[in-house]
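S.K.: Each residue of the sequence shown is one higher than the last, beginning at 449 in the working numbering.
Any given hint could turn out to be false.
Claimed, not checked - Label-pair restraints from in silico Cβ distances: (1) Ile494 with Arg467: 16 to 22 Å; (2) Pro465 with Ser487: 34 to 40 Å; (3) Glu458 with Leu511: 17 to 23 Å; (4) Glu502 with Glu480: 18 to 24 Å; (5) His462 with Arg500: 14 to 20 Å; (6) Glu458 with Leu498: 15 to 21 Å; (7) Asn489 with Val509: 23 to 29 Å.
Source of the hints: derived by calculation from the structure; they are not laboratory data. Virtual Cβ for every residue (Gly too), placed ideally from N, Cα, C.
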Amino acid sequence: MFDVPGLVVELANHLSPSRLQAILGDVCHIREQLMSVTSINRELLITDLLLRIEHYLQPGVVLPVPHL
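Modelling step: build the complete structure from the supplied sequences, incorporating the hints.
M.R.: So, in structure tokens, the structure goes:
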């Protein structure tokens, strides 16, 4: 099992910055929804997040454009 700094280094070595940014953007968005919406289906949100991350990891996928 990885510790957090080791996991970050491992991800940075294997994923492009644009993929990491797309994943992190979605993670932050879902986190905000989980914290602010009281009666939200947590399982559905997390499942959707995992499916989007899986999609981002596919070769040739067009990644979302980050908002500044």
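S.K.: For each hint, tell me whether it holds in the structure or not.
M.R.: Hints and how they fare:
1. Ile494 with Arg467: 16 to 22 Å: 19 Å, holds
2. Pro465 with Ser487: 34 to 40 Å: 36 Å, holds
3. Glu458 with Leu511: 17 to 23 Å: Check passed, 20 Å falls within 17 to 23 Å.
4. Glu502 with Glu480: 18 to 24 Å: 21 Å, holds
5. His462 with Arg500: 14 to 20 Å: Cβ of His462 to Cβ of Arg500: about 18 Å, so the range 14 to 20 Å holds.
6. Glu458 with Leu498: 15 to 21 Å: Once the Cβ atoms are compared, 18 Å apart, the range 15 to 21 Å for Leu498 and Glu458 holds.
7. Asn489 with Val509: 23 to 29 Å: 26 Å, holds
When held up to the earlier numbered hints, the structure conflicts with none and fits them all.
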